[in-house]
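Those sequence lines, one after another, are chains R and S. Using this note's numbering, read the first sequence as starting at 423 and increasing by one per residue. Using this note's numbering, read the second sequence as starting at 423 and increasing by one per residue.
Because the hints were derived from the structure by calculation, they are not lab data. Hints are not guaranteed to be accurate.
The list makes no distinction among identical chains, and a pair is therefore deemed to hold if it is satisfied within one copy or across any two copies.
Claimed, not checked - In silico SDA-like cross-links for lysine to any residue, where the CA-CA straight-line distance does not exceed 20 Å:
(1) K745 / A834
(2) K548 / P570
(3) K745 / R837
(4) K548 / H910
(5) K810 / Y719
(6) K745 / G919
(7) K641 / T530
(8) K800 / T575
(9) K641 / D824
(10) K745 / D826
(11) K745 / A830
(12) K745 / H835
(13) K548 / G894
(14) K745 / R490
(15) K745 / R832
(16) K641 / G717
(17) K745 / V528
(18) K745 / D829
(19) K745 / H910
Protein chains: 2
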Amino acid sequence: VVTAARLRQPRLILLAALWLVAARPAAQTRSVGTVVERHVEAHQAAIVRELVDLLRIPNVAADRDGIRRNAEHLVAMLGRRGMAAELLETSGNPLVYGERRVPGAVRTVLFYAHYDGQPVVPAAWKQQDPFSPVLLEGRLEDGARERPLDSVTRVEPDWRLYARSASDDKAPIVALCAALDALAGAGLGPTVNVRIVLDGEEEAGSRSLVPAVRRYRDKLSADLLVVIDGPTHSSGRPTVAFGARGIQPLELTVYGPRTGVHSGNYGNWAPNPALALAHLLASMKDERGRVLVEGFYDGIAPLSPEEARLIDEVPDDAALMLKTFGLAQPEVPGRSLQASLQIPTLNIRGLASAHVGAGARTIVPDRAVAALDIRLVKETPADAMLAKLRRHIELRGYRLIDRDPDDATRSAHARLARLTSVPGTNAFRTPPDSPEGRLVTDGLARVHGEPPVRIRTLGGTVPIAPFVETLGFPAVLVPTVNFDNNQHEENENLRLGHFFKSIVTMAGLLTM
Amino acid sequence: VVTAARLRQPRLILLAALWLVAARPAAQTRSVGTVVERHVEAHQAAIVRELVDLLRIPNVAADRDGIRRNAEHLVAMLGRRGMAAELLETSGNPLVYGERRVPGAVRTVLFYAHYDGQPVVPAAWKQQDPFSPVLLEGRLEDGARERPLDSVTRVEPDWRLYARSASDDKAPIVALCAALDALAGAGLGPTVNVRIVLDGEEEAGSRSLVPAVRRYRDKLSADLLVVIDGPTHSSGRPTVAFGARGIQPLELTVYGPRTGVHSGNYGNWAPNPALALAHLLASMKDERGRVLVEGFYDGIAPLSPEEARLIDEVPDDAALMLKTFGLAQPEVPGRSLQASLQIPTLNIRGLASAHVGAGARTIVPDRAVAALDIRLVKETPADAMLAKLRRHIELRGYRLIDRDPDDATRSAHARLARLTSVPGTNAFRTPPDSPEGRLVTDGLARVHGEPPVRIRTLGGTVPIAPFVETLGFPAVLVPTVNFDNNQHEENENLRLGHFFKSIVTMAGLLTM
């Protein structure tokens, strides 16, 4: 489908056509998938063992010793695959970097993953030690039996490995290595120049990443960034996501009397900040799901028929989701989950004013607070959205202040509010039908023999803006693990069927 | 001022005229005030000592032993004033009852006070023991010096007695006794039949009072109930309040997804209960202070010119109140505090949904809760208001449920809310220009030589509905203690100037 809008971009189409021709060497079609599947089948135990060895090295970002051991272990793993591997030191944990130039390759792909994991509460884990991987014949919740890891020679797709970072995010790193092995074993190799960067503090906010990306700009430059992190679509099908929403967290406080006052003695006389907050919040978003802040949707074009088809193709099970979450209907009846993710949100994530329940007192409260978050799309950067929200509040007669009001401020302004924010993370989105977008889609389709689930944008936020904004090249996400992996929680796990399939996925990415 | 409305009630006017003639024996004009003032002047030390002796008996409602000792002590005190005194047993703490019939008296006044006090945290008190009264030469907060109590012979009006129940509510009981003594000392006596009932569990909710009022209906019947409790107007002038608002506490819960869901993954798709609650609350009351619940103000007539004049005469200091509370203006600019108290409120006393501040998480919350209270006026009884609020919520498309929703309920209804309530307390109001209202006003004016501050209705709630509703006779409140008495808190205190003046007030009530 070529839309009218696309026809106005002849150069883009030409570029896409050239890229697609270059991207499809005759020898590497579905046969790559078959080759890799066979390799995985033959080397199951060794591949799992390599992952288990990596999982045994504790990797909480604050554990500098463990982090350093992980980093050095990873340098060695990449080196064994013929990559020039090294540590890139940063102000925080080191980046692990590897590069492999491929003669004749016309483009360079940078793979991003992270080797640190979420903090752990060991006692909350089945095995009491999240860095002692355990193999179960299925899900822990279903009472699956344990298998001794060290003597295992064959595993089943439904078996699961329980350990911190099993799925988030060490499995994709090992899968990428296994894919390189599988290609080498068949006398094949990557068709693109490969760069790999492994973040050592993603779960701690990747604070060193922005300066490091600037510092190592030459090593980290590429034609395309591929983030190998996160779970596939819940259907389990290979998945590619072309973008992710950003986020701007906020907190809004509306002020009433200096202290709570008796609701009998002063009710109807002392202005109630909880009611004022209710009106202010209600003024921001109507009951039909539309944000009323002026300019909130500026720059967002309606989806083209092609884009609409793309999001309609995502095999979400709306009825199951509603049942799971105990909902009669979504916020906008008839609008799908994917359609809902294409536009920014204004979400109330918390409310507080005085007390409810047994602790409630009969007062007019002194203040009312709403914790908010704006999920951003590419067209709506954080700073601009923050400015629009501030203006909305001011237009409703509020004096915006940056600390609790003093006496003079209280006397001068009937409506006082404070809006506090932390730095936001912008969204990114690579056009699915851009040359890069098509390359990844086709790469995955070719090795798997079926098209991947294509997600135009993830609803959540991925902190890769430093790459996209600083280095200026496009990015896609290729998530590979099971969606029910207990990500960030105790008993994080990896379904081995997903893991083995992800090796095929990685081979597809290496041979785009 | 006789309004058109009043002219339509000739019988009422006739009754009022008859009552007023009967109420003004020639001998008892301002001279009663002078007589009592002289008596108080001459017997200061003895009067204070009688109060101190009573304060030394611990009186927390849960302390059955202490309560019983108080009750027996009070029976003796009343007996010494020539009253037929006894305990009226209830399902809880006993009522202390006293009666004195006056030959020739045409009406009976029932005085209500309470002899129990709020619970105490002894360590929080200056003297570490709230039942060991301490005499200070002024306010504790101002560093006033202590005077030895047992050797005191003269006191100053600004001196204060610090003890639990010094002001709430033992002082009015002792003042009433002292007024009887003062009248007797001058060869005078009450001109009305006097009945006194002293509640032993007011601070614990007066739960035994409703059945007790029914059981002792004959003893507790009267032409007028006078509640002697609470602080005077902040100006310190003698005060009479003709009514008090009631209260209906409520809690409103609006439901979202079964558990909080990720605000990125599901934002714009999962309905947000905090936003729904904001809209629902905003729909209930506008930003100009008007409640929008249908029929909320039904039955409330505009104030007559006479009533408007009455509330305008209350010497509230609006500028001082705004400054004290840190407000630029009241909820309805230009509307006085007293005007605000004449109509019911719909007050949000608390809000809660997920978390704000450091604990905030990026989720769509599972529920949002508002704690509410409706302050009632005489025309708006609790049950009817509750029904109107329920109807308002239902008219906005909510299914009202009485517990957390089950799966079937969640699937069937997009809007789910729960409204929970405890039994309300109704308002009461005696027309200030009714015979009873005028009797009290004139009685106080006569003994003090100045008109009392007349409060058409207190904003807060007084639990005397059992009398008004069960026995069907009118009530007024005559508060007498200093407004800064630390009521219900540690270091409760009584300003002796207020106490001595209250003896004159009691004499006025006894000789109406």
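Right, here's what the structure says about each hint:
In this assembly of identical chains, K745 and A834 lie within 20 Å of each other by CA distance solely across copies; the values are 11 Å between and 51 Å within a copy. Taking the shortest alpha-carbon separations for K548 and P570, only the intra-copy value of 15 Å comes in at or below 20 Å, while the best inter-copy value is 69 Å. In this homomeric assembly, K745 and R837 come within 20 Å of each other (Cα to Cα) only across copies, at 15 Å, whereas the closest approach inside a single copy is 42 Å. When the C-alpha separation of K548 and H910 is checked against a cutoff of 20 Å, the pair qualifies only within one copy, where the shortest distance is 15 Å, while the shortest distance between copies is 52 Å.
In this homomeric assembly, K810 and Y719 come within 20 Å of each other (Cα to Cα) only inside a single copy, at 11 Å, whereas the closest approach across copies is 39 Å. For a Cα distance limit of 20 Å, the shortest separation of K745 from G919 qualifies neither inside one copy, at 27 Å, nor across copies, at 69 Å. Only within a single protomer do K641 and T530 lie at most 20 Å apart by alpha-carbon distance; the minimum there is 11 Å, versus 99 Å between protomers. Proximity of K800 and T575 under a CA criterion of 20 Å is satisfied in neither setting, with 47 Å inside one chain copy and 83 Å between copies.
For a Cα distance limit of 20 Å, the shortest separation of K641 from D824 qualifies neither inside one copy, at 42 Å, nor across copies, at 63 Å. Taking identical chains as interchangeable, the C-alpha atoms of K745 and D826 lie at most 20 Å apart only when they sit on different chains, with a minimum of 16 Å there against 43 Å within one chain. In this homomeric assembly, K745 and A830 come within 20 Å of each other (Cα to Cα) only across copies, at 10 Å, whereas the closest approach inside a single copy is 53 Å. Only between protomers do K745 and H835 lie at most 20 Å apart by alpha-carbon distance; the minimum there is 13 Å, versus 47 Å within a single protomer.
In the homo-oligomer, the alpha carbons of K548 and G894 never lie at most 20 Å apart, since the shortest distance is 44 Å inside one protomer and 69 Å across protomers. With identical chains, the CA atoms of K745 and R490 are never at most 20 Å apart, being 45 Å at best within one copy and 60 Å at best between copies. In this assembly of identical chains, K745 and R832 lie within 20 Å of each other by CA distance solely across copies; the values are 9 Å between and 48 Å within a copy. Within a single copy, K641 and G717 get their C-alpha atoms no closer than 39 Å, and across copies no closer than 72 Å, so neither meets the 20 Å cut-off.
For the homomeric pair K745 and V528, neither the shortest alpha-carbon distance inside one copy (49 Å) nor that between copies (73 Å) is at most 20 Å. Taking CA atoms no more than 20 Å apart as the test, K745 paired with D829 passes between copies only; the shortest distance there is 8 Å, against 51 Å inside one copy. When the C-alpha separation of K745 and H910 is checked against a cutoff of 20 Å, the pair qualifies neither within a copy, at 24 Å, nor between copies, at 50 Å.
Consistency with the previously given hints fails for numbers 6, 8, 9, 13, 14, 16, 17 and 19, ordered from lowest to highest.
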